[in-house]
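*Asks:* Please build the complex by placing chain A on the supplied structure of chain U, with the hints as guidance.
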Amino acid sequence: MILAEQIALPYAAEAWEADGSLTDPYLNDFIALALRRFGVLVESIPEISQ
Amino acid sequence: MRRILIFPGSQRRHSLNRLLALRFESLLKQDFYTEILEADAVDLPLFNQDMENDPGVLDKVIPVYERFHNANGLIVATPEYNGSISPYLKTPLIGFPDCRECFQDKAISIRSRTNRYYSPVPPQIGAAASWDYKAHATCSHTWVA
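Taken in sequence, the protein lines are chains U and A. Position 3, counted from 1, in the first sequence is what the working numbering calls 3; the numbers after and before it change by one each time, with no gaps. Position 127, counted from 1, in the second sequence is what the working numbering calls 127; the numbers after and before it change by one each time, with no gaps.
Chain A with its partners taken away, still in its complex shape:
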């Protein structure tokens, strides 16, 4: 059975996008092995090249990237923060360490439930473009505004 990893782009406990992620999981779990990457499993520090080879950091980073690597599909349900990408979402985008293979040949779907006042399109397009660059991945987007 193919695996889909669902990544809520917000760490907020009562995040609306996390709720959307739970809905996605309930709809997909009949046909796929699905899992949600919970915030407490992604305790990654802000990207800093000085830490790229720090064993303590790698101990946290590698298990997260393995979960990306082991998935056929990735769904990101993310808010925008004042017109930009959430820091929580940005860390795996940057690559810590640079982990292009983790996103290679994946189907990636970016979905967002956010306030129409702050257009979700620019930041999420930025995220998609970054993944497209990293992985030559197949992306589909649903903007939920």
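One chain only, chain U, in its complex shape:
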């Protein structure tokens, strides 16, 4: 299964903070939301014994 989502984030270095976050709060929220969806996907997979 492939889930696809696309967003244009700024390439300009000034739009990014040193910790990898963006100066635009909307885009930061988008990244956080996309990661939460991915987290749900990971949680659905049985834990791997090390």
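Simulated from the structure, these hints should not be mistaken for laboratory data. Honestly, I wouldn't trust all of these hints.
[What the hints assert, rightly or not] Computed spacing ranges between beta-carbons, pair by pair: (1) U:Ser44 / A:Pro63: 25 to 33 Å; (2) A:Asp105 / U:Arg36: 17 to 25 Å; (3) A:Gln49 / U:Ala18: 41 to 49 Å; (4) A:Glu38 / U:Ala18: 17 to 25 Å; (5) A:Lys60 / U:Leu33: 31 to 39 Å; (6) U:Glu47 / A:Arg13: 29 to 37 Å; (7) A:Asn48 / U:Glu14: 37 to 45 Å; (8) A:Arg12 / U:Tyr26: 22 to 30 Å; (9) A:Gln49 / U:Asn28: 43 to 51 Å; (10) U:Glu14 / A:Asn70: 33 to 41 Å; (11) U:Asp29 / A:Gly56: 44 to 52 Å; (12) U:Pro46 / A:Pro55: 32 to 40 Å.
[To be verified] Computed footprint of chain A on chain U, listed as stretches where at least three residues anywhere in the stretch have a Cβ under 8 Å from a Cβ of chain A: (13) 19-31; (14) 37-44.
[Unchecked claim] Non-contacting residues of chain A with respect to chain U, defined by C-beta distances greater than 12 Å in every case (computed): (15) Leu44; (16) Leu58; (17) Lys60.
In this text the structure is predicted, and so the values were computed from the model without any measurement. Using N, Cα and C, we set each Cβ at its ideal position, and we do this for glycine too.
*Replies:* Only chain A this time, still in chain U's reference frame:
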């Protein structure tokens, strides 16, 4: 706690995608055990079938694939290089040795921060298709252009 491995697809020290990978790690580490596969831990030679059974090569390859295998989720933050996949990303895609089990039943997310001029979509779709073929994995993509 489930494990997420974050793989920056660039070896460049000041890579923008590595910065994105660090951001992903900071957002995920509250809920998951996260680790970043650093470039110096992936000292893999270019794929060459003559080297597939070379003990010196396998000593480098196997620990890397074990880290893939032990993760429930894999996030790849990668640039495209002139419309194609970075060589650093391509090596684990090819399988060295062929390591389909390492990517089996994983949640895989490919994310890219790159220049809009060079569309990130074709190479990353290629990478996703390769992983999908290899692993029957679940992929999610965010194109960051």
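*Asks:* The structure should be examined with respect to each hint, and the outcome stated for every one.
*Replies:* Evaluation of the provided hints:
1. Range check, U:Ser44 to A:Pro63: about 28 Å between beta-carbon atoms, so the 25 to 33 Å window is met.
2. The hinted range of 17 to 25 Å is satisfied by A:Asp105 and U:Arg36, whose Cβ atoms lie roughly 21 Å apart.
3. Distance hint check for A:Gln49 and U:Ala18: the Cβ-Cβ separation is about 43 Å, which falls inside the suggested range of 41 to 49 Å.
4. A:Glu38 and U:Ala18 have their C-beta atoms about 18 Å apart, which keeps the hinted 17 to 25 Å range intact.
5. The supplied range of 31 to 39 Å is met by A:Lys60 and U:Leu33, whose beta-carbon atoms lie about 37 Å from each other.
6. Between U:Glu47 and A:Arg13 the beta carbons are some 34 Å apart, a value that agrees with the proposed interval 29 to 37 Å.
7. Checked against the hint of 37 to 45 Å, the C-beta distance between A:Asn48 and U:Glu14 comes to roughly 42 Å, which is consistent with it.
8. Between A:Arg12 and U:Tyr26 the beta carbons are some 28 Å apart, a value that agrees with the proposed interval 22 to 30 Å.
9. Between A:Gln49 and U:Asn28 the Cβ separation comes to about 45 Å, which falls inside the hinted range of 43 to 51 Å.
10. Look at U:Glu14 against A:Asn70: about 38 Å separates their beta carbons, and that is inside 33 to 41 Å.
11. Range check, U:Asp29 to A:Gly56: about 47 Å between beta-carbon atoms, so the 44 to 52 Å window is met.
12. At roughly 33 Å, the beta-carbon separation of U:Pro46 and A:Pro55 lies within the given 32 to 40 Å, and the hint holds.
13. With 4 residues having a beta carbon nearer than 8 Å to a beta carbon of chain A, the segment 19-31 of chain U meets the requirement of three or more and the stated coverage holds.
14. With a cut-off of 8 Å between beta carbons, the segment 37-44 of chain U has 7 residues touching chain A; three or more are needed, and the interface restraint holds.
15. The Cβ of A:Leu44 lies farther than 12 Å from every Cβ of chain U, with a closest approach of about 22 Å, so its non-interface assignment holds.
16. For A:Leu58, the shortest C-beta to C-beta distance to chain U comes to about 21 Å, beyond the 12 Å cut-off, and the non-interface label holds.
17. Listed as a non-interface residue, A:Lys60 keeps its Cβ farther than 12 Å from every Cβ of chain U; the least gap is roughly 21 Å.
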